[in-house]
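K.L.:
Make one complex out of these two single chains by using the hints.
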Amino acid sequence: SQQGEEDPQALSIQEGENATMNCSYKTSINNLQWYRQNSGRGLVHLILIRSNEREKHSGRLRVTLDTSKKSSSLLITASRAADTASYFCATADSGGGADGLTFGKGTHLIIQP
Amino acid sequence: DAGITQSPRYKITETGRQVTLMCHQTWSHSYMFWYRQDLGHGLRLIYYSAAADITDKGEVPDGYVVSRSKTENFPLTLESATRSQTSVYFCASSEPGTGFGANVLTFGAGSRLTVL
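As given, the protein sequences belong to chains C and A, one line each in that order.
Residue 102 in this note's numbering sits at position 107 of the first sequence, with consecutive numbering throughout.
Residue 186 in this note's numbering sits at position 76 of the second sequence, with consecutive numbering throughout.
Isolated chain A, as found in the complex (with noise of 0.2 Å):
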């Protein structure tokens, strides 16, 4: 199918377990971007990738970890699940618009993530 799929939908953890939501987009665009959304806060951007190995630190990066071997791939790892990382997480994709800076996003579905 095309488009982009994050997975698993809905995930429960413990406190200090490794947790990785993996996200996957079938367009090749060059961009990719996890976001987390919580109640109060709206989207903050975690991490972001321009392309293949390079990735770059949003608003929020602490207690995360990003690899971008492959285009198409862009996993988020949670390295000791904390309370505070309890959100809905969304990866995005785009490519670069006519203009400087046009990027329209494509959003996944969303990764629901409990931290007990």
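Same shape as in the complex, but just chain C (with noise of 0.2 Å):
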């Protein structure tokens, strides 16, 4: 069963706005990851946010956690159409240990130029 909802399922915006995308998960976490997905390619790593953090930077992206509301935000800031992507949220759970990540179903963003 899928851990990460993320919300919208899929959202358009001008260039240069910023895009901002919700994950709800179930179970308690020991982290939070951000992924990426270009049109037919695998997913790359965005940024990670433990359970202890609540903000999180790196360049234009601003990710928060809230663990009381099992939610977390991603904000892109001053997007360009190279942001145009599906964006997943992915959960590691308080098990810890090799059994990889729960991903949610993703939010497709297109820039508009």
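It is possible that some hints are incorrect.
[Claimed, not checked] Label-pair restraints from in silico Cβ distances:
| id | chain 1 | residue 1 | chain 2 | residue 2 | range |
| --- | --- | --- | --- | --- | --- |
| 1 | A | A161 | C | Q9 | 47 to 53 Å |
| 2 | C | K64 | A | T123 | 43 to 49 Å |
| 3 | C | K21 | A | T187 | 30 to 36 Å |
| 4 | C | G54 | A | V175 | 38 to 44 Å |
| 5 | A | G126 | C | N13 | 49 to 55 Å |
It is worth saying that the hints were derived from the structure and are not from the lab.
Every residue, glycine too, gets a C-beta built ideally from N, C-alpha and C.
P.N.:
This is the structure we're talking about:
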């Protein structure tokens, strides 16, 4: 079953605007990660936030985590056409180990020039 | 080339045939994974491996077999392909990060499989 659920499923904005995507999950986590997938490609890791962190920045990316609400958001500032992609949140549960990540269904982001 | 390589990138087969998707990584990562990606389902874990000769089932293992005789290779076999196994398959690898369960995955480019 899916752990993370992204919202919205699709988002279309103008270049230069900010894009916000949300992720909700169900169980306790060790960390939450965001990945990007360009059309026809594999997923690429963007950023990781640990369960004891509330906010993290990386370049134009800002991620927040609210463990009490079991939710996270990804903000991309000053969007560019190259940001057009699908974005997935993924959780590593608090059980740890080698059993990988649980992914949501993704948000498809379109940046219009 | 350094990285994680999947082959074939595209495969068309018929129902009932055996198909093997290959995955090779050059980082000597301990952990390797197979996911399938389908519209409406996102990515779902099929099998994973913590080390050579150690494999375990993920969320959707039925109809699939894996092996890991060498750290760098993690082939996925569909023993008797069915139409429901038409999908894009991604291999990934990782090392355990600092801190419990902090794995960051590196993905291959994917193998698109069509079962007729």
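K.L.:
With reference to the structure, classify each hint as holding or not holding.
P.N.:
Hints, one by one, checked against the model:
| no. | hint | verdict |
| --- | --- | --- |
| 1 | A:A161 with C:Q9: 47 to 53 Å | 48 Å, holds |
| 2 | C:K64 with A:T123: 43 to 49 Å | 45 Å, holds |
| 3 | C:K21 with A:T187: 30 to 36 Å | 32 Å, holds |
| 4 | C:G54 with A:V175: 38 to 44 Å | 41 Å, holds |
| 5 | A:G126 with C:N13: 49 to 55 Å | 51 Å, holds |
The structure shown violates none of the earlier numbered hints.
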